[in-house]
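> As a plain string of letters, each chain reads:
Number of protein chains: 2
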Amino acid sequence: MKVVVIGIGLIGGSMALEFKRIDPTITLVGIDQNDNHLDQAMAMGVIDQKGSMKDIDTADRVVLSIPVKASLHLLPTVLDRLPSNALLMDVGSTKAALCAAVAAHPKRQNYLAAHPIAGTEFSGPSAAHLGLFEGKPQILCQAKKTKPELLQWAKAQFRQMGMYLRFMEAEEHDRHMACVSHLSHISSFMLGKTVLEEEADEQNIFDLAGSGFESTVRLAKSNPDMWAPIFEQNKANVVDILSAYIANLEQFKDKLVKHQIEDLHQQMKNTNQLSTILNGIKHNN
Amino acid sequence: MKVVVIGIGLIGGSMALEFKRIDPTITLVGIDQNDNHLDQAMAMGVIDQKGSMKDIDTADRVVLSIPVKASLHLLPTVLDRLPSNALLMDVGSTKAALCAAVAAHPKRQNYLAAHPIAGTEFSGPSAAHLGLFEGKPQILCQAKKTKPELLQWAKAQFRQMGMYLRFMEAEEHDRHMACVSHLSHISSFMLGKTVLEEEADEQNIFDLAGSGFESTVRLAKSNPDMWAPIFEQNKANVVDILSAYIANLEQFKDKLVKHQIEDLHQQMKNTNQLSTILNGIKHNN
Numbered sequence: 000m001k002v003v004v005i006g007i008g009l010i011g012g013s014m015a016l017e018f019k020r021i022d023p024t025i026t027l028v029g030i031d032q033n034d035n036h037l038d039q040a041m042a043m044g045v046i047d048q049k050g051s052m053k054d055i056d057t058a059d060r061v062v063l064s065i066p067v068k069a070s071l072h073l074l075p076t077v078l079d080r081l082p083s084n085a086l087l088m089d090v091g092s093t094k095a096a097l098c099a100a101v102a103a104h105p106k107r108q109n110y111l112a113a114h115p116i117a118g119t120e121f122s123g124p125s126a127a128h129l130g131l132f133e134g135k136p137q138i139l140c141q142a143k144k145t146k147p148e149l150l151q152w153a154k155a156q157f158r159q160m161g162m163y164l165r166f167m168e169a170e171e172h173d174r175h176m177a178c179v180s181h182l183s184h185i186s187s188f189m190l191g192k193t194v195l196e197e198e199a200d201e202q203n204i205f206d207l208a209g210s211g212f213e214s215t216v217r218l219a220k221s222n223p224d225m226w227a228p229i230f231e232q233n234k235a236n237v238v239d240i241l242s243a244y245i246a247n248l249e250q251f252k253d254k255l256v257k258h259q260i261e262d263l264h265q266q267m268k269n270t271n272q273l274s275t276i277l278n279g280i281k282h283n284n
Numbered sequence: 000m001k002v003v004v005i006g007i008g009l010i011g012g013s014m015a016l017e018f019k020r021i022d023p024t025i026t027l028v029g030i031d032q033n034d035n036h037l038d039q040a041m042a043m044g045v046i047d048q049k050g051s052m053k054d055i056d057t058a059d060r061v062v063l064s065i066p067v068k069a070s071l072h073l074l075p076t077v078l079d080r081l082p083s084n085a086l087l088m089d090v091g092s093t094k095a096a097l098c099a100a101v102a103a104h105p106k107r108q109n110y111l112a113a114h115p116i117a118g119t120e121f122s123g124p125s126a127a128h129l130g131l132f133e134g135k136p137q138i139l140c141q142a143k144k145t146k147p148e149l150l151q152w153a154k155a156q157f158r159q160m161g162m163y164l165r166f167m168e169a170e171e172h173d174r175h176m177a178c179v180s181h182l183s184h185i186s187s188f189m190l191g192k193t194v195l196e197e198e199a200d201e202q203n204i205f206d207l208a209g210s211g212f213e214s215t216v217r218l219a220k221s222n223p224d225m226w227a228p229i230f231e232q233n234k235a236n237v238v239d240i241l242s243a244y245i246a247n248l249e250q251f252k253d254k255l256v257k258h259q260i261e262d263l264h265q266q267m268k269n270t271n272q273l274s275t276i277l278n279g280i281k282h283n284n
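In the order they appear, the protein sequences are chains A and B. Take the first sequence: its position 170, counting from 1, is numbered 169 in numbering that gives the first Met the number 0, and each next residue is one higher. Take the second sequence: its position 81, counting from 1, is numbered 80 in numbering that gives the first Met the number 0, and each next residue is one higher.
Hints may be right or wrong, so weigh each one.
Identical chains share a label here; the pair holds if one copy fits it or two copies do between them.
Unchecked claim - Dumping the calculated DSS-like pairs for lysine-lysine here, alpha-carbon to alpha-carbon at most 30 Å:
#, residue 1, residue 2
1, Lys234, Lys252
2, Lys144, Lys53
3, Lys268, Lys135
4, Lys254, Lys68
5, Lys49, Lys1
These are calculated hints, taken from the structure and not from any lab test. All values derive from a computational prediction rather than experimental measurement.
Build the full structure now, drawing on both the sequences and the hints.
Here it is in structure tokens:
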């Protein structure tokens with residue numbers, strides 16, 4: 000079986016490693032516009048061969064793991080070239096635009112829209128590792144539009160990676176992701192920006208910030224090449240949730256100015272319940 | 000030597016453990032309005048005895064480790080009772096109001112305003128442990144107002160706990176803390192509130208949120224009894240930095256609406272430099 004992974008970064012590289020672990024007989028072909036990434040991936044044993052788009056013509060499985068704007072351009076082209084029994088999946092963080100782009104494609108049933116919730120703030124093939132997907136959710140969108148035998152194969156692979164599966168519509172996926180993922184990234188990036196602007200002397204950040212600050216700005220280390228297109232493609236949902244967040248911050252400020260401390264206390268106490276929910280997340284992972 | 004710790008929580012309890020480690024001959028007396036905390040602390044060996052305010056009269060060292068609003072009320076009273084060669088320090092997260100409250104106190108030189116940057120989202124004596132302060136900053140405010148021999152003793156203790164010392168004015172401390180700590184907590188609490196409001200079904204948060212979300216809302220688990228008074232006492236600085244944060248979020252939203260994606264990309268890229276600064280933080284800790 001020939002598996003082609005386009006984009007050998009954290010997710011693409013880790014998925015390549017898992018495919019190889021599950022079935023060591025497959026041939027893993029890597030495509031990446033950054034040739035250094037391919038060399039690294041070869042050296043690390045993440046891929047067997049460097050490839051080109053021509054490899055799509057003879058592929059059994061193709062994984063598209065590149066920034067979502069590039070995926071949107073490439074997806075129909077890759078699907079055009081794909082053999083009729085092959086499976087193409089993308090693993091990007093937005094789903095509605097991609098599903099719409101191939102909705103009427105004659106090979107729509109060869110495509111599976113997947114989103115493994117397993118990113119970190121690190122990127123590139125050097126960040127790839129076995130076990131990244133263990134205990135993590137894999138969201139499959141419009142899974143009924145994928146040919147059953149191809150879907151079965153993909154589900155079996157994900158389960159062998161230790162993932163649990165969730166199924167939903169692409170629009171539903173994008174709305175949830177704006178809330179539980181994209182907003183966190185913006186809140187973190189803007190927190191980092193604010194603190195950098197305020198603390199002219201970086202030494203003060205270095206000396207005075209504790210682990211709490213570090214935790215809240217962790218996502219501000221994320222790669223803008225990946226995240227700018229996500230915000231762009233999920234604009235409507237992101238603007239909605241960002242507005243709700245700003246409104247909550249405004250009312251917090253307003254209550255503080257008006258000295259309604261008891262209200263703030265109550266809000267924080269209510270929000271503490273996230274602790275239970277997050278312990279659940281941890282437990283399940 | 001008799002050491003009295005008022006408030007046997009994460010910080011007070013951990014400091015008691017360190018004092019005992021540095022000098023096992025001291026008698027450690029704990030005072031806490033929560034009697035369960037005292038029982039737990041006795042059982043864990045964090046304190047030698049349960050005490051009362053009367054113990055202040057014969058104390059050599061007193062640590063005030065309670066929410067900052069309560070500290071503000073208690074600080075002058077404790078200072079009144081303190082023997083003339085004894086040291087009283089508080090370890091709260093705001094400093095200007097406390098320093099102002101005892102500025103004209105006849106025993107001002109027996110007081111040291113300290114802030115160990117070593118909190119976590121956990122609280123109570125069960126969270127206390129040796130090593131909490133290792134590699135962490137200890138901020139001392141208006142240290143020149145403290146009697147030199149008492150200051151020397153405190154500095155030696157903190158250094159033996161593995162802390163590095165920073166000296167600053169109380170107002171300066173509060174301004175920096177609004178920026179590198181208090182804002183993070185508000186951003187995290189309001190992020191948690193927004194997501195809880197948006198995701199009516201908690202199962203979705205449980206199933207769909209990844210480690211990034213968990214990291215940004217970690218501080219939303221913090222204890223409101225501790226944090227409401229901090230925001231209250233540092234209101235002016237908190238309102239300033241919160242306004243700057245909201246303005247940054249607003250401009251992000253505005254640029255997204257206007258499709259100025261390249262600008263957003265550039266902002267995120269600039270903010271990525273926090274990575275270097277934070278690696279520094281980690282290194283030093």
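> All the hints need checking, so say for each whether the structure fits it.
Okay, the hints, checked on the actual structure:
Taking the closest pair of Cα atoms, Lys234 and Lys252 come within 30 Å of each other both inside a single copy (26 Å) and across two copies (9 Å). With identical chains, the CA atoms of Lys144 and Lys53 are at most 30 Å apart within one copy only, with a shortest distance of 26 Å there and 76 Å across copies. For a Cα distance limit of 30 Å, the shortest separation of Lys268 from Lys135 qualifies both inside one copy, at 29 Å, and across copies, at 28 Å. Taking identical chains as interchangeable, the C-alpha atoms of Lys254 and Lys68 lie at most 30 Å apart only when they sit on different chains, with a minimum of 18 Å there against 41 Å within one chain.
In this assembly of identical chains, the alpha carbons of Lys49 and Lys1 lie at most 30 Å apart only when taken from the same copy (13 Å versus 71 Å across copies).
In this structure, none of the earlier numbered hints is contradicted; all agree with it.
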